[in-house]
Amino acid sequence: GQSLEQPSEVTAVEGAIVQINCTYQTSGFYGLSWYQQHDGGAPTFLSYNGLDGLEETGRFSSFLSRSDSYGYLLLQELQMKDSASYFCAVNSGGGADGLTFGKGTHLIIQP
Amino acid sequence: KAGVTQTPRYLIKTRGQQVTLSCSPISGHRSVSWYQQTPGQGLQFLFEYFSETQRNKGNFPGRFSGRQFSNSRSEMNVSTLELGDSALYLCASSLRQGDNEQFFGPGTRLTVL
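Chains A and B are the protein sequences, given in the same order.
The first sequence begins at 1 in this note's numbering and counts up by one.
The second sequence begins at 112 in this note's numbering and counts up by one.
In case anyone wonders, no lab produced these hints; they're calculated from the structure.
There may be inaccurate statements among the hints.
[Unchecked claim] Distance ranges between label pairs, derived from CB positions: (1) A/Thr-11 <-> B/Thr-164: 40 to 46 Å; (2) A/Glu-9 <-> B/Thr-164: 36 to 42 Å; (3) B/Leu-224 <-> A/Tyr-30: 37 to 43 Å; (4) B/Lys-124 <-> A/Ser-67: 45 to 51 Å; (5) B/Ser-190 <-> A/Leu-51: 39 to 45 Å; (6) B/Thr-164 <-> A/Tyr-70: 32 to 38 Å; (7) B/Ser-190 <-> A/Glu-14: 46 to 52 Å; (8) B/Glu-163 <-> A/Tyr-30: 20 to 26 Å; (9) A/Leu-51 <-> B/Leu-206: 16 to 22 Å; (10) B/Thr-191 <-> A/Ala-16: 48 to 54 Å.
[To be verified] Now the stretches of chain A that chain B is said to cover, found in silico as 3 or more residues with beta-carbon under 8 Å: (11) 40-51; (12) 100-107.
Where is the CB? At the ideal position from N, CA and C, for every residue including glycine.
Let's have the full structure, built from the sequences with the hints guiding it.
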């Protein structure tokens, strides 16, 4: 089976940096994705890591270590609009799992 | 380019009934995946369709089924509804089967009474 672990909630201050971790146990692994979902909204794609290392997209960066089955999403210069839930998702290459999502991390930004 | 659309947006049914949800993918996208989202279980994969064929299926009972049409539009059906089927059902489209970047629709909020 597949399992992904991420913190349920993280609180940070506007303008600061926050890291959301994700560890996974999967029978197959092609890569780790991150999605953002605002309350009442649809998940939107943020980033994908297929290889080890850091991927940077503006204020957001994502990191993957395949040997450690671990990744993280780094958000810099936090803004109030970044308050949302963040999901890591594993692409295990098909089968019964499709994209397997973690339970999500609710990010609270304080002024 | 228009996004993924889902109809209806809200639905109330009673136990034992069946329901059909519809999803229109982004133009040119040929893969459609369905997910169930609940507060307790999070986002769970239901199935993926590509070129009118079910390519992958999650661990849901046979009451959950779907299909895809030649224009890539997809429907999912849930028969013999149970209270636990109350959830947000999300559809996501992508260009190819198994793409990591999926584009989600707004979802259908199903309430089973």
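Outcome of the hint check:
For the hinted restraint 40 to 46 Å between A/Thr-11 and B/Thr-164, the CB-CB distance of approximately 45 Å keeps it satisfied. Our hint of 36 to 42 Å for A/Glu-9 and B/Thr-164 holds, since their Cβ atoms are close to 40 Å apart. Here the CB-CB span from B/Leu-224 to A/Tyr-30 is close to 40 Å, well matched to the stated 37 to 43 Å. Checked against the hint of 45 to 51 Å, the C-beta distance between B/Lys-124 and A/Ser-67 comes to roughly 47 Å, which is consistent with it.
Between B/Ser-190 and A/Leu-51 the beta carbons are some 43 Å apart, a value that agrees with the proposed interval 39 to 45 Å. B/Thr-164 and A/Tyr-70 have their C-beta atoms about 35 Å apart, which keeps the hinted 32 to 38 Å range intact. Roughly 48 Å separates the CB atoms of B/Ser-190 and A/Glu-14, a value that falls within the hinted 46 to 52 Å. At about 24 Å, the beta-carbon gap between B/Glu-163 and A/Tyr-30 stays in the expected band of 20 to 26 Å.
About 21 Å separates the C-beta atoms of A/Leu-51 and B/Leu-206, a value consistent with the hinted range of 16 to 22 Å. For the pair B/Thr-191 and A/Ala-16, the supplied restraint of 48 to 54 Å holds, since their beta-carbon distance comes to about 50 Å. Counting residues of the region 40-51 of chain A whose CB lies closer than 8 Å to any CB of chain B gives 7, which reaches the minimum of 3, so the coverage claim holds. Closer than 8 Å: that is the beta-carbon criterion, and the region 100-107 of chain A has 5 residues meeting it against chain B, so the requirement of 3 holds.
Going down the numbered hints, you'll see the structure goes against none, and every one checks out.
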